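S.K.: So the sequences go chain by chain: R and G.
First residue of the first sequence: 1, per the numbering used here; consecutive thereafter.
First residue of the second sequence: 1, per the numbering used here; consecutive thereafter.
Hints were generated in silico from the structure; no laboratory data involved.
Quick caveat: nothing in here was measured; it's all calculated off a predicted structure.
Glycine included, each C-beta is placed from N, C-alpha and C at the ideal position.
Incorrect hints may appear among the rest.
[Said to hold, decoys possible] Simulated restraints on C-beta separations: (1) A120(G) <-> W145(R): 18 to 24 Å; (2) A135(R) <-> A66(G): 35 to 41 Å; (3) A139(R) <-> Q154(G): 37 to 43 Å; (4) A159(G) <-> R262(R): 31 to 37 Å; (5) A3(G) <-> A95(R): 41 to 47 Å.
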Amino acid sequence: MLDDFMLRAALAGIGTALAAAPLGCFVVWRRMAYFGDATAHAAILGVALSLALSLPVFAGALIVALVMATLVTLLAGRGYAMDTLLGVMAHSALAFGLVAVSFLSGVRIDVMAYLFGDILSVSRGDLGIIWGGAALVLALTLWRWSALLTATLNPDLARAAGIDPRREELILTLALAIVVAVAIKVVGVLLITALLIIPAATARPFARTPEAMALIAALIAVVAAWGGLRLSFMFDTPTGPTIVCALALMFCASSVATAVRRRA
Amino acid sequence: MSAALVTTAGLTVRHGAATVLENVDFSIVPGEIVTIVGPNGSGKSTLLRAILGGVRPAAGTVTRRAGLRLGYVPQRLVLDATLPMTVARFLGLPRRVPAAEATAALARAGVPGIGTRQMAALSGGQFQRVLLARALIARPELLILDEATAGLDQPGSAAFYRQIEQVRRETGCAVLMVSHDLHVVMSASDRVICVNGHICCEGTPEVVAEAPVYRALFGEGTQGALALYRHHHDHRHGPGEGCGHDHTAKRAAAEEQA
Chain R
1 MLDDFMLRAA
11 LAGIGTALAA
21 APLGCFVVWR
31 RMAYFGDATA
41 HAAILGVALS
51 LALSLPVFAG
61 ALIVALVMAT
71 LVTLLAGRGY
81 AMDTLLGVMA
91 HSALAFGLVA
101 VSFLSGVRID
111 VMAYLFGDIL
121 SVSRGDLGII
131 WGGAALVLAL
141 TLWRWSALLT
151 ATLNPDLARA
161 AGIDPRREEL
171 ILTLALAIVV
181 AVAIKVVGVL
191 LITALLIIPA
201 ATARPFARTP
211 EAMALIAALI
221 AVVAAWGGLR
231 LSFMFDTPTG
241 PTIVCALALM
251 FCASSVATAV
261 RRRA
Chain G
1 MSAALVTTAG
11 LTVRHGAATV
21 LENVDFSIVP
31 GEIVTIVGPN
41 GSGKSTLLRA
51 ILGGVRPAAG
61 TVTRRAGLRL
71 GYVPQRLVLD
81 ATLPMTVARF
91 LGLPRRVPAA
101 EATAALARAG
111 VPGIGTRQMA
121 ALSGGQFQRV
131 LLARALIARP
141 ELLILDEATA
151 GLDQPGSAAF
161 YRQIEQVRRE
171 TGCAVLMVSH
181 DLHVVMSASD
191 RVICVNGHIC
201 CEGTPEVVAE
211 APVYRALFGE
221 GTQGALALYR
231 HHHDHRHGPG
241 EGCGHDHTAK
251 RAAAEEQA
């Protein structure tokens with residue numbers, strides 16, 4: 001049943017979208033967009049390391065993304081402004097990763113596949129890992145939903161309710177690293193943040209509660225993953241970027257619709 | 001005497017090299033209303049945050065009674081514009097409450113029927129009342145308020161404090177608050193603690209109001225500037241602070257006369 005590469009690609013895209021969209025809401029609410037970028041860019045270094053050490057790419061990307069996320073969290077508030085710090089780390093990690101890949105003689109790899117994704121080459125094994133990771137992220141998000149939401153509103157409010165905001169932050173970081181590792185194959189390290197942010201931003205005008213926003217974001221992400229895949233097949237365009245284009249168009253439509261509704 | 005809900009012993013908090021709080025011994029028992037007063041930067045809010053567990057003591061301990069239920073009303077809560085939130089949903093954070101209970105809580109807080117409104121669309125007074133309603137839903141044994149009336153006008157904050165007293169009467173919960181509204185707060189409290197990096201003085205409102213250190217910090221009518229001299233402590237207070245609080249004291253005095 002999973003012999004068709006288009007079906008596997010569609011399932012990979014939908015799985016990633018389902019996990020990324022609700023998590024992306026927290027990225028938007030907590031203004032962590034650049035944090036997502038830094039984590040994702042670092043993953044290319046993880047790819048290089050896994051190829052050098054003959055580890056699975058998922059494992060390498062996950063580990064380096066986690067290290068990066070932890071490093072950023074530890075360094076936050078020590079001298080540099082957060083956006084400066086993240087800008088330095090995100091692009092340094094990407095540059096070191098690309099340089100590291102170039103050192104790997106004997107291994108012929110297509111760097112583009114990791115930068116922009118290669119969803120059409122998803123194997124059955126990949127699909128298992130993608131859905132496993134996506135299910136884990138979705139489970140983490142649902143399990144910690146209320147606590148995460150309270151900690152996002154105000155750390156002291158969370159503490160008074162017996163929630164440790166630092167622990168919730170750690171769980172969010174972990175979930176983010178897993179999404180990055182899972183999404184490399186689908187949209188590549190450069191476009192992962194788009195998969196987190198754009199569905200949430202598109203859903204915002206139509207939601208009255210946080211839960212509604214997450215649900216609408218997930219729906220938008222799934223539609224874009226499916227639609228982007230079809231469009232890339234029709235026009236023979238790179239699939240990862242086409243999925244992000246579909247998201248961007250939906251965001252524009254949402255913004256225009258909101259503006260029109262306000263005027264009316 | 002009943003067992004204390006929260007006790008701090010020798011609590012010292014530092015931010016970097018600066019010592020914000022030094023050697024603070026504090027406790028609050030069930031049903032008590034305690035107010036912390038002090039100039040800006042005196043460590044009032046830091047003491048509250050230490051009790052909530054938000055700052056790590058450099059020395060000393062903070063002990064909460066096991067299983068203590070806390071209610072907290074922050075000074076202000078900024079909702080990111082990207083976060084949609086109805087009043088009803090907010091009341092159910094972090095634990096969902098039945099719709100009937102949420103409706104009743106809003107009515108008790110004096111803001112009935114606003115459950116479907118967005119938090120961002122509320123006025124300052126409505127917002128603070130919703131924060132209070134949310135804090136009370138968990139049936140706290142200790143209610144902590146950090147300048148909860150900061151954005152409210154005089155009648156608004158007076159009404160807010162009347163409600164706090166009513167809550168204490170009805171539920172018997174203890175209340176610990178930081179406030180700038182000295183004249184309102186002083187009359188409503190069982191005990192006042194004057195903090196300025198350490199506990200300067202404490203006692204019933206009458207005792208504290210008469211204490212030289214308190215008068216030194218907050219002035220006494222037009223003689224506030226003179227009173228600064230009488231503060232026999234190892235630290236100094238800038239004249240700006242004295243002036244700032246002088247107005248409050250004057251206002252209080254004026255209203256007492258009125």
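S.K.: Next, verify each hint and record whether it holds.
M.R.: Hints, verified against the model:
At about 21 Å, the CB distance of A120(G) to W145(R) agrees with the hint of 18 to 24 Å. Between A135(R) and A66(G) the beta carbons are some 37 Å apart, a value that agrees with the proposed interval 35 to 41 Å. For the pair A139(R) and Q154(G), the beta carbons lie near 51 Å from each other, so the given range of 37 to 43 Å is not met. Against the hinted window of 31 to 37 Å, the Cβ-Cβ separation of A159(G) and R262(R) comes to about 35 Å, which satisfies the hint.
Taken as a hint, the range 41 to 47 Å is violated for the pair A3(G) and A95(R), whose Cβ atoms sit roughly 60 Å apart.
Comparing the model with each numbered hint stated earlier shows that hints 3 and 5 do not hold.
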